[in-house]
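A.B. asks: What follows is each chain in one-letter form.
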Amino acid sequence: MSKDIRNLWYVAALSTEIADGPVGRRICSLPVVLYRERSGAVAALFDRCPHRFVPLSRGRCEGDRLVCGYHGLAYDGAGKCVANPQGTVTRSLDVRSFPVEERHGLVWIWMGDPALRDTVAIPDFSLLDRPAMRPQYGYMWTAAHFELMTDNIMDLSHIEFLHADTLGTEKIRDAKVQARVEGETVYSGRTVHDEILPPFLEGSFQTGGRPVTRSLSVRWNAPALMLLTVGVDPAGPEKAPRETFNMHFITPETSTTCHYFWAATRPYGPDDPEWDRRLREGLERAFRTEDKPMIEAQQLVTGEADLLDLKPALFRGDGAAIHARRILTQLRRAEEEA
Amino acid sequence: MSKDIRNLWYVAALSTEIADGPVGRRICSLPVVLYRERSGAVAALFDRCPHRFVPLSRGRCEGDRLVCGYHGLAYDGAGKCVANPQGTVTRSLDVRSFPVEERHGLVWIWMGDPALRDTVAIPDFSLLDRPAMRPQYGYMWTAAHFELMTDNIMDLSHIEFLHADTLGTEKIRDAKVQARVEGETVYSGRTVHDEILPPFLEGSFQTGGRPVTRSLSVRWNAPALMLLTVGVDPAGPEKAPRETFNMHFITPETSTTCHYFWAATRPYGPDDPEWDRRLREGLERAFRTEDKPMIEAQQLVTGEADLLDLKPALFRGDGAAIHARRILTQLRRAEEEA
Amino acid sequence: MSKDIRNLWYVAALSTEIADGPVGRRICSLPVVLYRERSGAVAALFDRCPHRFVPLSRGRCEGDRLVCGYHGLAYDGAGKCVANPQGTVTRSLDVRSFPVEERHGLVWIWMGDPALRDTVAIPDFSLLDRPAMRPQYGYMWTAAHFELMTDNIMDLSHIEFLHADTLGTEKIRDAKVQARVEGETVYSGRTVHDEILPPFLEGSFQTGGRPVTRSLSVRWNAPALMLLTVGVDPAGPEKAPRETFNMHFITPETSTTCHYFWAATRPYGPDDPEWDRRLREGLERAFRTEDKPMIEAQQLVTGEADLLDLKPALFRGDGAAIHARRILTQLRRAEEEA
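Residue numbers (UniProt numbering), protein chains in the order written: chain A, 1 to 338; chain B, 1 to 338; chain C, 1 to 338.
Please keep in mind that the hints were generated in silico from the structure rather than gathered at the bench.
One thing to keep in mind: the hints can contain errors.
If chains are identical, the list can't say which one is meant, so a pair holds when it fits in one copy or spans any two.
[Stated by the list, open to error] With a cut-off of at most 20 Å between alpha-carbon atoms, the simulated EDC-like pairs for lysine to aspartate or glutamate come out as follows: (1) Lys-3 with Asp-174; (2) Lys-171 with Glu-62; (3) Lys-311 with Asp-94; (4) Lys-176 with Asp-194; (5) Lys-311 with Glu-184; (6) Lys-3 with Asp-76; (7) Lys-292 with Asp-276; (8) Lys-292 with Glu-195.
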């Protein structure tokens, strides 16, 4: 199985997940514990006490310290052991810490060499910082290699089939597909003309049921950070194009499982928590009942193999995902050589 | 572990299982999808889309076509790709199909070389086609190598112990056991004299509680197709022998699991669905609570080994099962050499 | 993974567990079936019928015989086949039996060479035979190597952290720790001064809430037989030291799982079954919700490795457990060389 790329920013958690106590989460196959210091900053440590090897995430926060729940060794947010009720505090008790940035309602973690972390920027998701966008967030664990998730989002031709009853329409079949690479960013796009939006999307766009031109475009950055822009342009003289955004952040847990974080904006419709909830539940349901079982079934077949090594049939719509896979392969090789 | 024999007819499903949508089932370790065409014929394809490797059984039937649920590739019953919304239809998109026969309320599948399928006949189970037999059917997945199931049915000496409370009697202990081979068919038999049938069997035979001579004989054909004839001959001047039939069809799923299909006739007693139900539930309960846990416990011990390689103690009653195992070994070798 | 030591007495069961029917239990990775003969003696046999390899524990007791549930082979308590309804009784049908002693409310089993069993004594737990001690017993399966359980009990410094809400106090932090080896027995001790007992312990000791000196000392013998003596000495002129005892008996099931048996005395307080129940539930809850999840998390990290091979940080409190581990290593080596 291809190794995880370490020198990248990964999403480790939704900001709302890191509140009172420590949270343990495996990222790129490494056990990580996340907790919030009194300043509000999030700390990320290797989730293993060097004494008895129990997860520090089974311990508790005391001020800025994380205290092991078995024998009381205490750590600061840099992984430095600051108290040892069982003996002397020595440097050998320190644990690794990981650089963390909190941005756009997400906790980002750098899994590689801390000295290299400024060489890679977190892509711009500042749309999530605009209150008028009323961003909604979600998380779902998935039993699939994270690149199978990327394939899913970069090839939106599946909407018509997998989401036939929720997001698909007759017209989407005729969409024109494009893929484009700019440096290490991949763009994938499709445009659908003369389409009546299905009810779930009409709820987000409020077009009044008129025929529209719908465009879907995805921006991808490594490892699997995707901004899906859905543009809707109603026909007729009074042109009033509207846009919503869906962000997808996939983080490998192991070589066969991943963490799926998502965010979605809701700039139209009433400022009503009930509408927020409906958006979250609609997206959650589509993923949980349609994408997730299909991708997990695919994982059972591909196993530890790389999908491309199994020689799948490749079509035009797969282009963007293949570009993304190639960039990851390059990054992986560069890291192995370094 | 011994390889599966491919050039044989296996039971893939009860006819009633293949109705509205596609059914995925692993047979001889291969993923198979079964669906019914508009003509009523059952099609069986390799259950994997060549594009993203998802199971075609997660898709849907549209007329005679099976449409992949992920990106819409469509197949006919011969495995030919007949539509590809994502690009060109090419022969490389075709999937393997398996010969199918539907007979006696069962769907039979040929897992080997299609050219050889006429060289092996499906054994005669036409008793199931007689309405007066009021045949009842059932299916149960079992975590055991399929030959352990054959052992169970070919050696009915277990009835007294494993089914002490349902099918066994004191007298069955004295039964005389016979085993006989004719070509590639094995027969196993035992006869019990002066026996009062237990309540469950009395329900099937309606002997009026008189002492009877009970004979049990099993006909076996590869891979594990068994016809058990239970004959009951009441004592006394007015001789009126009665017979019921139990059919057992075991299909390997993997090397440690199998599909157990069964059928049972009910020629006596009232024509009452409640009596049908009672027969089905009685057989189902005996297997689920008595045979299945015992055989699955045996599987946990034997693992991937062939039972005979573990040098079990062998008794007279094991003869028929050993004959059956030998025929399978010959078929397996012949196939490996070919 | 280190091999199990065979020439030792292990606890196989609580006496109360072996009553009506046979009990199957894996001990040192071997399947064992335990049952009680009419004399009251407990028999222990290899839990596998030599005919079909099913567990004899799925059979039933008939007088002093254990009868296989599949085909009726019958065994006496020495593992001798005494009846075979399927054919001749031969010596090749015999199964291995294990020496058993029943003592102190526990069933002890000798897993090694029967000729060597008198060379190792069962340590003295006769406190459990005194009715005034009102001993309480319990059993819990745990997914951890048995030596991780020993570590837990031999290093009571975890009480303050893992049992902060039940058994821990502020004062225990200042306890002085000692470890001592005498032959093949290890002693571990700690003493706490001027301590107010937490409510759960006050229930056992009935000190009236006065400050006390609490001493905890553990006696260990191989494989993992531990007697924890908790002494409480109230301050003040009217000295009246009180003692209760907790016994811990850990038996390996496999290299990553174990059987945890425990016993606890309750010499003080009213002779009331409700108080007995409260003690059992309190100990059971502390182990189930505090120790067990922590030790099982530790097991997930250590896997098949020996903890010491992973180079853990070692502190003063770990001394007693290290002594115990060393004795086991010596016994293991001696057995491998013999």
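A.B. asks: Each hint needs a verdict: does it hold in this structure or not?
C.D. replies: Hints, one by one, checked against the model:
For the identical chains of this complex, Lys-3 and Asp-174 are neighbours neither inside a copy (38 Å) nor across copies (47 Å), given an alpha-carbon limit of 20 Å. In this assembly of identical chains, the alpha carbons of Lys-171 and Glu-62 lie at most 20 Å apart only when taken from different copies (19 Å versus 57 Å within one copy). In this homomeric assembly, Lys-311 and Asp-94 come within 20 Å of each other (Cα to Cα) only across copies, at 14 Å, whereas the closest approach inside a single copy is 46 Å. With identical chains, the CA atoms of Lys-176 and Asp-194 are at most 20 Å apart within one copy only, with a shortest distance of 13 Å there and 81 Å across copies.
In this assembly of identical chains, the alpha carbons of Lys-311 and Glu-184 never lie at most 20 Å apart, being 25 Å within a copy and 42 Å across copies at closest. For the homomeric pair Lys-3 and Asp-76, neither the shortest alpha-carbon distance inside one copy (30 Å) nor that between copies (40 Å) is at most 20 Å. Taking the closest pair of Cα atoms, Lys-292 and Asp-276 never come within 20 Å of each other, the shortest separation being 22 Å inside a single copy and 41 Å across copies. Within a single copy, Lys-292 and Glu-195 get their C-alpha atoms no closer than 27 Å, and across copies no closer than 56 Å, so neither meets the 20 Å cut-off.
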